[in-house]
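Peer 1: Take the given structure of chain A and dock chain B to it, following the hints.
Number of protein chains: 2
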Amino acid sequence: MTLRNNRETNYPEWYQNVINAADMAENSSSPGCMVIKPWGYGIWEKIRDIFDKKFRETGHENCYFPMFIPLSFFQKEADHVEGFAKEMAVVTHSRLGQENGKLVPLSPLDEPLIVRPTSETIIADSFSKWIQSYRDLPVLINQWANVVRWEMRPRLFLRTREFLWQEGHTAHATAKEAEQETLQMLEVYRDVAENALALPVLIGRKPEHEKFPGAVNTYCIEAMMQDGKALQAGTSHFLGQNFAKSANISFINQNGKSEYAYTTSWGVSTRLIGGIIMTHADDEGMVVPPKIAPYQIILIPVIKNDADYEKIMNYITMVQTSLNKHTPFNESIRIKIDTRNKSSVDKFWEWTRKGAPIICEIGMRDIDGAKVMVKERLKLNTPEGKEIISLDEFSSGIEKRLENIQQEMYLRAKKRLDENIRTDIKTHEEFNNYFSKTNRYLKEDNSDDKNVAFVRGKWSGDPNSEELLKNLKITIRCIPFDQSGTKGECLLTGAKDATIDVIYARTY
Amino acid sequence: MTLRNNRETNYPEWYQNVINAADMAENSSSPGCMVIKPWGYGIWEKIRDIFDKKFRETGHENCYFPMFIPLSFFQKEADHVEGFAKEMAVVTHSRLGQENGKLVPLSPLDEPLIVRPTSETIIADSFSKWIQSYRDLPVLINQWANVVRWEMRPRLFLRTREFLWQEGHTAHATAKEAEQETLQMLEVYRDVAENALALPVLIGRKPEHEKFPGAVNTYCIEAMMQDGKALQAGTSHFLGQNFAKSANISFINQNGKSEYAYTTSWGVSTRLIGGIIMTHADDEGMVVPPKIAPYQIILIPVIKNDADYEKIMNYITMVQTSLNKHTPFNESIRIKIDTRNKSSVDKFWEWTRKGAPIICEIGMRDIDGAKVMVKERLKLNTPEGKEIISLDEFSSGIEKRLENIQQEMYLRAKKRLDENIRTDIKTHEEFNNYFSKTNRYLKEDNSDDKNVAFVRGKWSGDPNSEELLKNLKITIRCIPFDQSGTKGECLLTGAKDATIDVIYARTY
Numbered sequence: 001m002t003l004r005n006n007r008e009t010n011y012p013e014w015y016q017n018v019i020n021a022a023d024m025a026e027n028s029s030s031p032g033c034m035v036i037k038p039w040g041y042g043i044w045e046k047i048r049d050i051f052d053k054k055f056r057e058t059g060h061e062n063c064y065f066p067m068f069i070p071l072s073f074f075q076k077e078a079d080h081v082e083g084f085a086k087e088m089a090v091v092t093h094s095r096l097g098q099e100n101g102k103l104v105p106l107s108p109l110d111e112p113l114i115v116r117p118t119s120e121t122i123i124a125d126s127f128s129k130w131i132q133s134y135r136d137l138p139v140l141i142n143q144w145a146n147v148v149r150w151e152m153r154p155r156l157f158l159r160t161r162e163f164l165w166q167e168g169h170t171a172h173a174t175a176k177e178a179e180q181e182t183l184q185m186l187e188v189y190r191d192v193a194e195n196a197l198a199l200p201v202l203i204g205r206k207p208e209h210e211k212f213p214g215a216v217n218t219y220c221i222e223a224m225m226q227d228g229k230a231l232q233a234g235t236s237h238f239l240g241q242n243f244a245k246s247a248n249i250s251f252i253n254q255n256g257k258s259e260y261a262y263t264t265s266w267g268v269s270t271r272l273i274g275g276i277i278m279t280h281a282d283d284e285g286m287v288v289p290p291k292i293a294p295y296q297i298i299l300i301p302v303i304k305n306d307a308d309y310e311k312i313m314n315y316i317t318m319v320q321t322s323l324n325k326h327t328p329f330n331e332s333i334r335i336k337i338d339t340r341n342k343s344s345v346d347k348f349w350e351w352t353r354k355g356a357p358i359i360c361e362i363g364m365r366d367i368d369g370a371k372v373m374v375k376e377r378l379k380l381n382t383p384e385g386k387e388i389i390s391l392d393e394f395s396s397g398i399e400k401r402l403e404n405i406q407q408e409m410y411l412r413a414k415k416r417l418d419e420n421i422r423t424d425i426k427t428h429e430e431f432n433n434y435f436s437k438t439n440r441y442l443k444e445d446n447s448d449d450k451n452v453a454f455v456r457g458k459w460s461g462d463p464n465s466e467e468l469l470k471n472l473k474i475t476i477r478c479i480p481f482d483q484s485g486t487k488g489e490c491l492l493t494g495a496k497d498a499t500i501d502v503i504y505a506r507t508y
Numbered sequence: 001m002t003l004r005n006n007r008e009t010n011y012p013e014w015y016q017n018v019i020n021a022a023d024m025a026e027n028s029s030s031p032g033c034m035v036i037k038p039w040g041y042g043i044w045e046k047i048r049d050i051f052d053k054k055f056r057e058t059g060h061e062n063c064y065f066p067m068f069i070p071l072s073f074f075q076k077e078a079d080h081v082e083g084f085a086k087e088m089a090v091v092t093h094s095r096l097g098q099e100n101g102k103l104v105p106l107s108p109l110d111e112p113l114i115v116r117p118t119s120e121t122i123i124a125d126s127f128s129k130w131i132q133s134y135r136d137l138p139v140l141i142n143q144w145a146n147v148v149r150w151e152m153r154p155r156l157f158l159r160t161r162e163f164l165w166q167e168g169h170t171a172h173a174t175a176k177e178a179e180q181e182t183l184q185m186l187e188v189y190r191d192v193a194e195n196a197l198a199l200p201v202l203i204g205r206k207p208e209h210e211k212f213p214g215a216v217n218t219y220c221i222e223a224m225m226q227d228g229k230a231l232q233a234g235t236s237h238f239l240g241q242n243f244a245k246s247a248n249i250s251f252i253n254q255n256g257k258s259e260y261a262y263t264t265s266w267g268v269s270t271r272l273i274g275g276i277i278m279t280h281a282d283d284e285g286m287v288v289p290p291k292i293a294p295y296q297i298i299l300i301p302v303i304k305n306d307a308d309y310e311k312i313m314n315y316i317t318m319v320q321t322s323l324n325k326h327t328p329f330n331e332s333i334r335i336k337i338d339t340r341n342k343s344s345v346d347k348f349w350e351w352t353r354k355g356a357p358i359i360c361e362i363g364m365r366d367i368d369g370a371k372v373m374v375k376e377r378l379k380l381n382t383p384e385g386k387e388i389i390s391l392d393e394f395s396s397g398i399e400k401r402l403e404n405i406q407q408e409m410y411l412r413a414k415k416r417l418d419e420n421i422r423t424d425i426k427t428h429e430e431f432n433n434y435f436s437k438t439n440r441y442l443k444e445d446n447s448d449d450k451n452v453a454f455v456r457g458k459w460s461g462d463p464n465s466e467e468l469l470k471n472l473k474i475t476i477r478c479i480p481f482d483q484s485g486t487k488g489e490c491l492l493t494g495a496k497d498a499t500i501d502v503i504y505a506r507t508y
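Line by line, the protein sequences give chains A and B. Just so we're aligned: 174 in the working numbering is position 174 of the first sequence, and the numbers increase by one with no gaps anywhere. Just so we're aligned: 299 in the working numbering is position 299 of the second sequence, and the numbers increase by one with no gaps anywhere.
So that you can see chain A by itself, here it is in the shape it has in the complex (with noise of 0.2 Å):
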């Protein structure tokens, strides 16, 4: 084991112990901020770049808007700014000046602004501005921003004050048609999480107490972290007519009247890293997934004589050209020579923390087989971790090689999340029971099945849920889509002839 801490003894631990050592990102001098280091921010720019496309083909067009909302914006939605006032960042200032040889703030503002918590606000002002007529619909935009909640406990990825994400906004003529919308981004997100990011999720619909503050619905997906807790990755809410009448986008519709649009917003963050982190890295460190990887492939020299060095790098050179016709998911594979002045050993390690899929190293016994030893991060320590095989068959099955990789950290993950789902929970008794225990590390062999963490089972639907579900420290993550229709016992409150579906879970 690398990490000081594993799974395990202290989760929390861990999860911090495999940022560091993969230095994806550390906390700021600048309170409850991140920064995101090259290797953490790598990661996002190839989820960036996935998400990015897949909204593209969609339609949707980037767009940029100002990071301040004047405070009065989030007078006119009252759920909205319920929902966020408790965790705003206030400019209130323009400038700064001495008083007593200290710095202060000078000039205060007209209006206080908002940095934006999200931008339904301020982007419903310009659709107001943009939208006049049926034609002018839908209009579908996203941008790529960095957003500021106030978070009172921060932890890296997970919940930092600022952090960075997408947040699409499209607006539509009618409610069906902004539904449907609502339900494309969510399979967006649920297509790009299990076959970009390796991450299994549920899907289904948030309970009224859950929704986006201003919403009418709000849609999830929602990943199973290794100590069987819960993390929401990527939600889309349908927001009805109600942003749409706080900032009057109305059109006049095909039959000359005037109405309301519907409008609907959509987001993933980097929080999703802290989901991969969480579903896919081990005791020795990170794993990244390989289409997500900055780098799929290391190659490390290997020099035992300082003579050898120029035969070394032409191999590794040769090794690159012939890697570099392939093209693993249709894109151009993603290669990192490492010449750092370093040891070798120190290097494989660092790149093992680091969770590079493929690493070899290459020395003067590679050379005169014409061979390469490849090491898997997925199989580290295991036999099958470590081949030695010829240039032209490592070459040539690269592509497959890093499928291989991908498929199977998602195939794992997925193992996990159905394997601990409980559905045999059906009184509130049980189900009181169950979650009294503290959830630990799921272990990968399941023998103990107290370690099961989500349970699947009925819901009333009662309107005191919330008081009750923070009692027992859980959560109801989802509605599921797939509604069995049964009838059975409200696991949370005992009602009898509960119809509705949910999962519970503890949750990040």
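Do not rely on the hints blindly, as some may be mistaken.
Since the list gives no way to pick out one identical chain from another, each pair is judged satisfied if it fits inside one copy or across any two copies.
Said to hold, decoys possible - Subject to a maximum C-alpha distance of 35 Å in a straight line, what follows is the list of computed DSBU-like cross-link-like pairs (lysine-lysine):
#  : residue 1 : residue 2
1  : K102      : K129
2  : K325      : K46
3  : K102      : K470
4  : K129      : K375
5  : K371      : K54
6  : K257      : K487
7  : K76       : K304
8  : K470      : K487
9  : K53       : K311
10 : K371      : K342
11 : K245      : K342
None of these hints come from the bench; they were simulated from the model. Since the structure is predicted, the reported quantities are computational estimates derived from the model, not experimental observations.
Peer 2: Using the frame of chain A, we list chain B on its own:
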């Protein structure tokens, strides 16, 4: 003329008209901030990608640093805070609450936070943790981010309170290496400005009073707008040990002694888009260089008879497929088929105002002859601007055609720059006379030599220059690298035996 104002009659209004007509950006309800709309943002994305590639090729990695900087960080570097104190957005509270039915800021922060005007101070703080030994150097990073400077007279792209940029930050073991880095990045800026944005630039060093606050030396690229004013298009700063000392970026050198690192920073911003508009746009609207055009070719179906719809769309798909085999500038070609429910004439003028490099209107006549009608934006309203050629010829020549447009745009701007730097003004008196006239729009034929805009001539380096320049409403844009070494009368002060060659100009 499409626009309400042309360049000669009202240049500032013309600039605003171009942005509106091309639908690139608009003023926001958030005071002094802009909304960057899809066409403007698409251009920015292209610019970003081209720079980003160059930064990687020169060894830099992307990171992300917090946008909030503790106020105390600015106390550390006196010049730096003095330079920025008057234009800082200050966050003082972390929530909103109701007071007499009105939303008001609550929860004052222990220490106010500054929304970054630039990130030297917060990045230096991280560098001080990352750098311990000469082995940790150099550190070469970049970030793409939003920054805030509280402009009192905002103008779209040129001066907005929030803008987008990249800021590179590096740390080195020696002054020489840091100076080399500074100049290397200046060269990257020149290269991209000239070869991708078709913006010819002058390069040089800033005089003392124009330096970045806290820098030892600031280098810059300067472009000439069509009204003869200069636009600073990018800057690269050698910061010496100034920020290293204030943030304690020290390292143990090869001799085991502790010393301060040498740092650099360099940036370009969305302001470049303002420069591109004012260099290339004409009285019909925007003209975008092919390398940074979100779409290089627009295909517009011209359907006179509904029965022809399918035939025409099939033919357009064929044109697209044929073009897609080509890779101008070694990249995928960017084509837009405009199928919106609008007249083809309206579409043509819309894309003309947006400045798409090539527009093809495709109807039955083209199908019958396997032809394409090709219109080049740059040659609008000229006989050569419209060609009817075979699909084959169009497609096989597309790389060359786009390269020619790119080249022609650069050469036109380069000619304007070269022909409008006066070098014949030799005395303080001539100089005063010259700048007491108003600079007008530069005629393409240069028939009126009073329209010239930059003056290259002598400067004594007098410390009171700032005041004298202000009186004339001009600035010293740079001290060009190619100094003549001759002596002459200082154009600004009249002092004899001045040795420094500088570029004097009005500026944005």
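Peer 1: None of the hints should be skipped; say for each whether it holds.
Peer 2: Now the hints, each set against the structure:
1. Taking the closest pair of Cα atoms, K102 and K129 come within 35 Å of each other only across two copies (26 Å); inside a single copy the shortest separation is 44 Å, beyond that limit.
2. Proximity of K325 and K46 under a CA criterion of 35 Å is satisfied in both settings, with 21 Å inside one chain copy and 26 Å between copies.
3. In this assembly of identical chains, the alpha carbons of K102 and K470 lie at most 35 Å apart only when taken from different copies (31 Å versus 45 Å within one copy).
4. With identical chains, the CA atoms of K129 and K375 are at most 35 Å apart between copies only, with a shortest distance of 32 Å across copies and 57 Å within one.
5. When the C-alpha separation of K371 and K54 is checked against a cutoff of 35 Å, the pair qualifies only between copies, where the shortest distance is 34 Å, while the shortest distance within a copy is 39 Å.
6. Proximity of K257 to K487 under the C-alpha cut-off of 35 Å is found in neither arrangement, the shortest distances being 45 Å within a copy and 76 Å between copies.
7. Taking the closest pair of Cα atoms, K76 and K304 never come within 35 Å of each other, the shortest separation being 70 Å inside a single copy and 48 Å across copies.
8. In this assembly of identical chains, the alpha carbons of K470 and K487 lie at most 35 Å apart only when taken from the same copy (25 Å versus 81 Å across copies).
9. In this homomeric assembly, K53 and K311 come within 35 Å of each other (Cα to Cα) only across copies, at 30 Å, whereas the closest approach inside a single copy is 41 Å.
10. For a Cα distance limit of 35 Å, the shortest separation of K371 from K342 inside one copy, 23 Å, qualifies, whereas the shortest one across copies, 62 Å, does not.
11. Taking the shortest Cα distances, K245 and K342 sit within 35 Å of each other only across copies (29 Å), while inside one copy they are farther apart (62 Å).
Of the hints listed earlier, those the structure fails to meet are numbers 6, 7, in rising order.
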